[in-house]
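Take the sequences, apply the hints, and build the full model.
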Amino acid sequence: MLKRAIQQIMNSPLIKALRLVTSRFVPVAVLTALILGIASFIHWRSKHQWSRGIETYIVLEQIRRSERLPASDLAFLGDSSCLFGIHVPTLLHAFPGSSVEAFCTIGYVGPDGYGAMLDKMVARGRQPKKLILVFNPIQFERDPRWNEWPAFIRNDRFELPSGLTFPAGGLEYIRLLMERAVYTPLPGAYAIYYGGKDQFISTIWSEHGGAVEPNRMLDIPSLEAFKATLPGHVLLKPLPASKPFVINAEFEKALDALSVTLSKLDRSKVYLVISPVNSVNAQGGPQSFHTEAGQRIAARLGLDQSQFLDTPAVMLDILYAHYPSHLHRWARMIYTEQLAKTLADRGILEKHRASD
Amino acid sequence: MSFVSVAFLCLVPATFLLYHATSRLALQNVIILVASYVFYGWWDWRFLPLLVGISVVNYAAAILIAASPHEHTRKLLVFSAVAVAIVVLAIFKYFSFFVDSFVTIAQHAGLKPNLPTLRIILPLGISFITFQGIAYVVDVYRGKHVAERDLVKFLAFKAFFPQLVAGPIERASNLLDQFSKPRQFTADHADRALWLLIYGYAMKVVVADSLAMIVDTLFIPEQPFGWSVVLATIAFGIQIYADFNGYSLIAKGVALLFGFELTWNFRYPYWSVSISEFWRRWHISLSTWLRDYLYIPLGGNRRGEAITNRNLMLTMALGGLWHGASWTFVLWGLLHGTVLALWRKVPGGDESLSPIARGAGWAVTMLVVFVGWFLFRAANWNLLVGMLSALKNWEWAPVHSAVTLAVLSLATPLMLLEWQLQAHGDYFLIRRPAWMKYPLFAALAAVTIAASGHVNATFIYFQF
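From first to last, the protein sequence lines stand for chains A and B. No gaps in the numbering here: position 75 of the first sequence is 75 in our numbering, and each next residue is one more. No gaps in the numbering here: position 62 of the second sequence is 1062 in our numbering, and each next residue is one more.
Simulated from the structure, these hints should not be mistaken for laboratory data. In this text, all values refer to a predicted model and were calculated from it rather than measured experimentally. By construction, the Cβ of each residue, glycine as well, lies at the ideal position given by its N, Cα and C atoms. Possibly wrong hints are sitting among the right ones.
Computed footprint of chain B on chain A; a stretch qualifies when at least three of its residues, placed anywhere within it, have a C-beta under 8 Å from a C-beta of chain B [stated by the list, open to error]:
id	stretch
1	18-25
2	180-186
3	195-203
4	209-223
This is the structure we're talking about:
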């Protein structure tokens, strides 16, 4: 009777349907789990680090560049005003035969973090022959919470490796593989110009450590076309609401840490640039945030006042993609042309002959 | 309820268990009906009475038409039933569009009309629901189908959840008749369902949703690059196909789990060598609906060249408007109508084309189709004008390499698969040995689950 009952149950439409479905869906589910298990294992072995977005990409990539590239004639270290404001190809064009590289990152990294990157170069014997430090006045007021960034560079990892296990680790691994072909858009204008992370990173490499700040002037196709729009633009008065740029104690502390690293180099080959701000944000006038601040920073770093380079303090607002520190893609060429002139006048870079 | 939601992944197994626990047809129909109303009500239960109301009107109209001996009364009844359906559609979908258009025209004429603005929520799948209902009532009027008297059966046909919100727009002769006969669930059904579900979800989640993220960042009024317009349009063309075909495959796969056969809505449309072939392969249930219930009643191609062209333009323009309440959809329809009218002048049609002509035909067809997708995606004038103005800047930016790589990476495997499916049959993979097919299915499933992190729960055609 029990046997008949079992037979009846087994022959019921539901059991038949379930058997049909499970005999097909279960093998696929098991194999899927196996694939995810293998992917999880590979992911775990790869010790992949979590990425915090665009800032992390920049810092990680500049660390990678500083580790891989040979020592250059001149290197730039600095914040995002340097990343988006120094156009190395313009310098290479102005000084043929020279090797110039930028290792500029973001303001969060700060002087302490630049020192950490320099330490890595020194340890590998890849320190540049000459160095230009670039600070934007917006970074003078440093927040102690940003100190995780220099720690990230010193420790070579921002956070512990991903602790994802099965199946999340496997899914993450597959997702990372897919991202190599099908990008996840970066935020805002970065998606419009770069698309995804890989294109942003490859631009940093192809531009010798610089990048385009995409928030403005993407529709202007050339430098000449942009220059044609310039007539009529003048420097404006600072807005009453704009904040003066004041160096705080946290920034000075970070400068001291950098100064320790600079002692490992020939300080006479280190120069300082205070990058320009846009005119409506230039509260207090160039004297206060450019000249005085530059001299004060130079002194703190143990540099001679002459090593503080004479570059523009304030520039037209139309040259900015992001106020008050990021020049847009055409403006960075204009600024770098002016910088090249200063470097030539001061003999910091020279044109090399092909046979040199 | 979306196909890519946890709720749906719970609803299907639960319905499957209840449905197969009985072999009584009437009870199975009730289970399908309840599951369908849960599916629809999950989105917004307040619209359930609308769905029931439309269904009951169609049900009653068909019975009255069938019962009426006088042609005049039958005509009046069918006209009334169609009018009710169109009025419902017009209120929910087009009211704001017509008011806004009227205000714009009046303002251009120097008038300042003060009309009430009414923002109405668009009920999910309203266009599909009304078109399926119109087809049924007209089929009963034409004597192509008998009027269904079993209310549960009819309501289940009208609300069948796998195809409720985005089609295929099923004819009574296919779907309603399946509610009358005992359904079998065989090994073949299970095999096909497995493949269609894996294929459909991969299309939706991996291809469509990955491209959706990219397309959304590029289709913006402030777009500065001409190449972005071109590449975003190509990406959107693949996205909309993967999104809608993915939905249709999932719908077909889910229906198979209950022993139902839904019609194919897509037959490899991007392999078409002419625009008329494209419309025989793209959204087949809509194009055949437009043909049978609009183009042919307007006179089709029986009344000379001029009337035929007018009918084509009108049919396609209304087909465009069916997709959405925007003039850019009308433009999209008119573009297709124009090219269809021009294609009629090519002697011999698709069959007589030489290999070279087929290649050229494919290129021209794709050009038309993708220009159409541009109009389709640029759903308002601001976006349309902004994107068009980007065509003056042909700079190649890093994003263009990224989009090209993404499009090629997603389209190439899809193209190879479609090539094989066409050569060996829609289900050739399930006939392969287990050691070959199951790892392939599992790999597709793993990639789909991994990609589901950025899944977009909505389907493009849900809004229509």
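Hints, verified against the model:
no., hint, verdict
1, 18-25, "holds (count 6)"
2, 180-186, "holds (count 5)"
3, 195-203, "holds (count 7)"
4, 209-223, "holds (count 3)"
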